[in-house]
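K.L.:
Chain residues, written in single-letter form:
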Amino acid sequence: MLVLNEVKKSYLEPNGERLPILDVPRFQLAAGEQVVLRGRSGCGKTTLLNCIAGLTTVDSGRIELNGRDVTGLPEAARDRFRAGYIGFVFQTFNLLPAFTALENVMLGMSFTGGRPEPQRAKQLLTEVGLGHRLTHKPRALSVGEQQRVAVARALANRPVLLLADEPTANVDPAHQQHIIDLLRGACVRENVAMLLVTHSTEVAQQFDRVEHLEEINRAVGLAPMP
Amino acid sequence: MSYWKIAWRNMQERALASSLTGLSMALGVALMVLVLVIHQVFVNQLSNDAQGYNFIIGGSGSPYEVVLTTVFHVGKPLYPIPYRVYKKFIDGGEFAQYTDLAVPVCLGDSYSTEDGQQFRVVGTTPDMFGKLAYGAEKDGTEKFYRFKKGGRNFKSENFFEAVLGSVAANRTGLTVGDKFRPTHGISGQGDKHDEFTVVGILEPTGTSNDRALFINIEGFYLLAGHARAPKAGSSLTAEAVDASGSGSETHDHPAPLPEEQREVTSVLVRCKADQLMAPMAVEMGVNKGEDRSAQAVAPVNVVERLKESFLAPMRLVLLVLTVMIVVVAGISILVSIYNSMSERSHDIAVMRALGASRKAVMGVILTESILLSLLGGIAGLLLGHGVLAAASPVVEFYTGITVHAWEFTWQELFLVPGLVAFAALVGFLPAVSAYRTDVAKTLGGAR
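Protein chains in written order, with our numbering: chain A, 1 to 226; chain B, 1 to 447.
In case anyone wonders, no lab produced these hints; they're calculated from the structure.
The C-beta atom is built at its ideal place from N, Cα and C for all residues, glycine as well.
Among the hints, erroneous ones may be present.
Below, simulated DSSO-like cross-link-like pairs (lysine-lysine); rule was C-alpha separation at most 27 angstroms, straight line [as the list claims (entries may be wrong)]:
#1 B:Lys155 to B:Lys131
#2 B:Lys5 to A:Lys137
#3 B:Lys131 to B:Lys148
#4 A:Lys122 to B:Lys155
#5 B:Lys131 to B:Lys87
#6 B:Lys192 to B:Lys155
#7 B:Lys76 to B:Lys307
#8 B:Lys288 to B:Lys272
#9 B:Lys155 to B:Lys272
#10 B:Lys288 to A:Lys137
#11 A:Lys8 to B:Lys441
#12 B:Lys155 to B:Lys143
Residues from chain A that keep clear of chain B, each with C-beta distances beyond 10 angstroms, as calculated [said to hold, decoys possible]:
#13 Asn66
#14 Asp79
#15 Met106
#16 Arg133
Please construct the entire structure, taking both the sequences and the accompanying hints into account.
P.N.:
Okay, here's the thing in structure tokens:
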């Protein structure tokens, strides 16, 4: 379902030299599969997620999602592709403060080119236990509730892949497990593959497949560590 | 979710900044509306005031002075013209065949209230209000003077009767039955004349006549200092000068001033409508004839020149000023949105991560700018006309000018679309900023 092939990414340094960040010869993810991606800070985890999502272009290589080469798409097409096929859950939830919980979920539906589905948005929020908080704005929600809205938003467009970038980094251990359960349950329910970046050993231990970026990224070690 | 809703939510989130920005736009637009409407009212007023007659026959001087003093009651009246000039337009006179109506006007007196307000006193005949129209409706129907309840026109035979314009009545407090004494001269410092009795108050006309007091011309002639000295060898004696109340006549029924001692400041002449050449004959006869003691001025032409010479440039200046105000308000939209871009870059990056294209986030920002200007523009239109509606009764009371608050000028049709276009222009800069947002960097740095 997701295939990375000889993906390379580097950044231009102020001194004009290129700093290699990613050099991934091969990485795959099957439909509905849930994989944890681990690695030390600065090893390129977020860059990898951004490349998969099409937020960052790669220097070379191919990233195929559902048989389609994301890297070959022009930016506008990548945006539409991302809206339709990829869900994002961020470390800091990134709910938009001006919008209610329901609107935050529907916002994710607004960029696919199709019509927003309020009923699906309500259903997703109800499934994550927020059926009674639809009209609340993020500032009126607890941290746990905000993350649940973020999960519902990520699943709004029926994606095939959910990218979760350290979704438990900012929550206490009690909430951490709840969020992981929520994500995993939702992905199973919606048949969505998940690539979850985490530093937490407790979280990683719960997954059948754990990938260490240092092992799949040949660029690690070339870049100076922060 | 539409761009409009996203933009509206963003505006709600920054309610104070958005409100202040919209308010500045609304104030600019309201000011522009006021300038446009007041200018139109002023132009209409100018045009209305010069209606109902073809010519003003006045003394030598600038045609502007003739019109300003006779029509608008502004400035020092010109030197009077002989009474025989007026006679040419009546009773089988030289121009009587072309003349439908000739109304003499005598200026030079005033009336001051105790609080220092000053009004012109005009000597004229009852024809001024009985036969002369003061304007026309949009369909061309002539508008004639009407009196407020309980009032009437003064009568030719009652020399010391007076009629007041609506504003003059409001501001002097004089009502029907009251007496007042005009002051000799327009400075307000002259001697007090004999008393006149108010017999009627005019309904508002929206003309300068609303601000004047009209007295019977026969009474005007009998006031001290208004009679011309008889020529040497005349049958009139020196005692006949200032003849009011002389002989066996009483104050109520004095003898009229002999014509030889009369002068008029001007004559309002309405030509016969069925004689197409009548206006030309009058103009040529007065301005090119042997007797050059008077001039015939077509007030419509003078008013048009006044509008072109003074009002058009003034309007341009005022419009430029108000456009600049709106531009400043527009720039405040730019500053407001642009300043918020750094704090909103995170939200924009999130939207991009959710699948929004660069054009989409640019569209949201442009929509916000347009929405702000649209709401500010509509609020400004309502505010401007609301202020006019609120001020209309006061303006009418003090000036006699009727301001139709909900009559829109054609320029206003372009106001809101122009603002929207301008908002799109000023919104472009922050929109480009949104367009260029680096999602990976903004969402926490990519490594």
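K.L.:
Does each hint hold? Answer for all of them.
P.N.:
How the hints compare with the structure:
no. : hint                 : verdict
1   : B:Lys155 to B:Lys131 : 13 angstroms, holds
2   : B:Lys5 to A:Lys137   : 15 angstroms, holds
3   : B:Lys131 to B:Lys148 : 17 angstroms, holds
4   : A:Lys122 to B:Lys155 : 85 angstroms, violated
5   : B:Lys131 to B:Lys87  : 18 angstroms, holds
6   : B:Lys192 to B:Lys155 : 23 angstroms, holds
7   : B:Lys76 to B:Lys307  : 21 angstroms, holds
8   : B:Lys288 to B:Lys272 : 20 angstroms, holds
9   : B:Lys155 to B:Lys272 : 25 angstroms, holds
10  : B:Lys288 to A:Lys137 : 85 angstroms, violated
11  : A:Lys8 to B:Lys441   : 18 angstroms, holds
12  : B:Lys155 to B:Lys143 : 21 angstroms, holds
13  : Asn66                : 15 angstroms, holds
14  : Asp79                : 4 angstroms, violated
15  : Met106               : 5 angstroms, violated
16  : Arg133               : 17 angstroms, holds
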